[in-house]
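Asks: Quick note, the sequences are listed as chains W and D, same order. Residue 1031 in the numbering used here is what sits at position 42 of the first sequence, and the numbering runs on without skipping anything. Residue 1062 in the numbering used here is what sits at position 538 of the second sequence, and the numbering runs on without skipping anything.
Heads up, a few of these hints could be off.
Said to hold, decoys possible - In silico DMTMM-like links for lysine to aspartate or glutamate, alpha-carbon gap of 25 Å or less:
hint : chain 1 : residue 1 : chain 2 : residue 2
1    : W       : Lys1137   : D       : Asp1160
2    : W       : Lys1137   : D       : Glu1103
3    : D       : Lys1143   : W       : Asp1111
4    : D       : Lys810    : W       : Asp1005
5    : D       : Lys1141   : D       : Asp1160
6    : D       : Lys1253   : D       : Asp1240
7    : D       : Lys810    : W       : Asp1111
8    : D       : Lys1143   : W       : Asp1116
9    : D       : Lys1141   : W       : Asp1116
10   : D       : Lys1143   : W       : Asp1112
11   : D       : Lys1141   : W       : Asp1111
12   : D       : Lys1141   : D       : Asp1209
13   : W       : Lys1137   : D       : Asp1145
14   : W       : Lys1137   : D       : Glu1204
15   : D       : Lys1141   : W       : Asp1003
16   : W       : Lys1137   : W       : Glu1070
Calculated directly from the structure, the hints in this document are not laboratory data. This one's a predicted model, so the numbers in the text were calculated from it and none came from an experiment.
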Amino acid sequence: MIRLRVNGRDRELDVDPAMPLLWAIREQLAMPGTKFGCGIAQCGACTVHLNGNAIRSCVTPVAAAEGGEVTTIEGLADLVEGEGLHPLQQAWIDEQVPQCGYCQSGQLMSAAALLATNPDPDDAAIDAAMAGNVCRCGMYSRIRSAIKVAARASAVQFFDPATSEVEEASHG
Amino acid sequence: MGKWTRRAFITTGVLAGGALAVGVAIRPGHRAPKVAHKVTDEGETLVTMWVKIDQNNRVTLIAPHSEMGQGAHTALTQMLADEIDARWEDMAYQEAPALDEYANWALGKGFLLGDADVPDALVPTIDGAFMKITKAMKLQITGGSTSVRATGVYGVRVAGAAARELLIDAASEAWGVPASQLIAQDTHIVDTVDGRRLSFAGLAEAAAGRQPSATPSLKTPGEFRVMGQSKPRLDVPSKVDGTATFGIDAQVPGMKYAAIKAAPVFGARLVSVDSSDVQAMDGVHKVVELDDAVVVVADGYWQASRALDGLQITWSETENDAKSSDDLFAQFDASLAQAMEGGESKTDVEEGDVELAFADAAATVEATYRVPYLAHACMEPMNATARVDGQGCEVWVGTQNPLGFRYEVAAALDMEAEQVEIHQHYMGGGFGRRSDADSAIQAALIARAAGVPVKLIWSREEDVRHDHYRPAVASRFRVALDRDGGIKAWENVYHEKHEPVEAPVIPYAVAARKIHHTDSPTHVPFGPWRSVDHSQHGFFTEAFFDEVAVAAGRDPYEMRMAMLADKPRHQNVLRQAAERGNWGETLPRGVGRGISLQESFGSLVAQVVDVHIDNGKLKVDRVVVAIDPGFAVSPDGLTAQMESGVIYGLTAALYGEVEIEQGAVKQSNFHNYRMVRMNEAPQIDTIIINSGEAWGGAGEPGTPGIAPALVSAVFDATGVRVRELPLAKQDFSDWG
């Protein structure tokens, strides 16, 4: 029995410890938002967070997540305080990023991990963090814009001029 | 059903003198009770076959086009909202079920009649004839960039206008006032005399009982409120929170998972499989043998996939077991040589005296261009889920042709089409690949053999190695120049003729032209790939044109403009791209700029591409795209399609190559079938020109022009003329 937390919930998985986390999430936990794209960590469609880091779940055995904290696209909005979407999800809508949409769960999870460590990434940082995620519809320029929009939105959201106090950015 | 092709469809249509009208779109809902219960729920009224209205005044378009990211659902809904005069917030889209009644004849219309208007008097007659043909072809296809320009223009707008008139007529009767004093506004009918209003919902039932006009009055562009606006896509919110359901996400109670391995060499059959080591593996349910594939059905996909790897499989030998890409291209060259030297060929265009022009040419330019096979590599690997019992079959899948899939699955199971139900899903990419039913048929056969519902998922390796590929093609040119550097004659011979038929035809004024083709069949299966034949010929003709311009000592842009003197619309597109792209600037060594023009699917697209060589590596910096689609229903949606089309074509031009080795495909996954990624993606600037001409397509026209502009830019930067894609095969280490 493998124990882990997924999107804040304790889960137990009675599976082969070698099973990739991707298939445990999709089939055992019936959370299909995380996608299968290549099976060899080449496309990023399966990206989730394990203890806050973006990982490719198609090559990560369930055993490696034992005792860990996993966040999937279904839990992304809960990483920020309050109701509603994660700033990246809102930016994805505002910039009309998705086309077919299949890669976008992975894109969003990679982008969220980036912003958690680098709240104001430049183009080089975005390239480095996002080059592992393929978008076959080619929406790279919109993904880049949306990350910058979300970064700005977060900066505004966590800075309240009335009190002149900068709150801790807790969206990672 | 037999194997359909777009060609066969067009031919059939022409023979029958077919054309399009709007009959089905405006067929009253109450005359189709069998269909009505499949597309409406409690409290919803089917006003016409394509329009339903519920008690909350929600107006839903029911249309036969699927969504793979191209934005068709939203653009079509905009078209209905405008013509029926509903508030955008009240609109919804529902994809038509896979029923004969929703066959989309409009695709045929788009190809058949081009932009010809159908005289009103003929509408009822030709409508009937054309519908019959389409139903016979079982087409419900999303392809050919037709959703807006054909189904939308000839179906949805008419359906919306007809429904608006029905609602007005119903209100006129209810209130006892002339229809002429009533207008539709914000999902209500309003009396302009006394200001009273009634919602569409309150009138829907009465409207549904009336006979709609086949020729309702459509809005003029000046009256558009929703068309021409960049409305947020209806499908986007579900694609940022993981709730969008793709075919691969289908959940069917009791289902098992299947992994498949098909014969590596196309045409080989399964001889035997030793599954003794696998049957006892944890979670394995059954090993299923198909004619040309082996399948493991298990509790989960990973177990199935692991077990599949452990099977000892023997495939039959074929005559193609030793074939390589080199062999195939040698075959193509031989076919072309034969056709060029007077052997048999079929003529696309023959005008003027080509031989005479060559006989007294001041100079000639000759070249052969080649492109490889390409896989579609949709992000969502091929998959389908099926349940089969004595009564029939259900299939859960994302498809570009639900009705075609229904008939093909029925034929494979020896069932009637009525016994097969298709549950349509979003597609994680289509690009033409999801118009072929192979994986759905496999899923149905496997589910029947396994005796349980089965979700079949292809591995990425299977997806790359068993695609229906964009054909590899060679194309040979020769051009005769006069003393002033003008083109006197243009001859082109190629092999592999598919659609659209006009793909190799250049728009430039040349007095003597001969464009012809021959056949050079191979064992590699092929299918439509974003922009179909334009994807090859756009590269061939425009890249060769650049080469000719250089040989003639002329500027490639100026030479095009001069040869388009009678085509101001083409000139305008080209000029706008050139101006935004700073054409004519002097660039340093190692930096280059290229230009192209391509008319496809009813739209004109010019591209200007900037490149530079950085430490021996080719970098694409910027792409300017100017498109004249006649009218952009959703400017942002069109812009997104240009960006997408460019990146799709850029991936192909830079990296795309499926090679044949020992009869089978060598590439297998994204490490050796590379994609353009974030760090390589150029800036793309899109210019939209609403010329007011007939509306053109959006999904495909952005793709063909990037490769020729790119190789022209490479020549400009380096002097290296690239005639074979992909560019990754070139060595730029001497350049900067």
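Asks: What are the numbers of the hints that this structure violates, sorted from low to high?
Replies: When the structure is compared with the hints, numbers 2, 5, 7 and 15 turn out to be violated.
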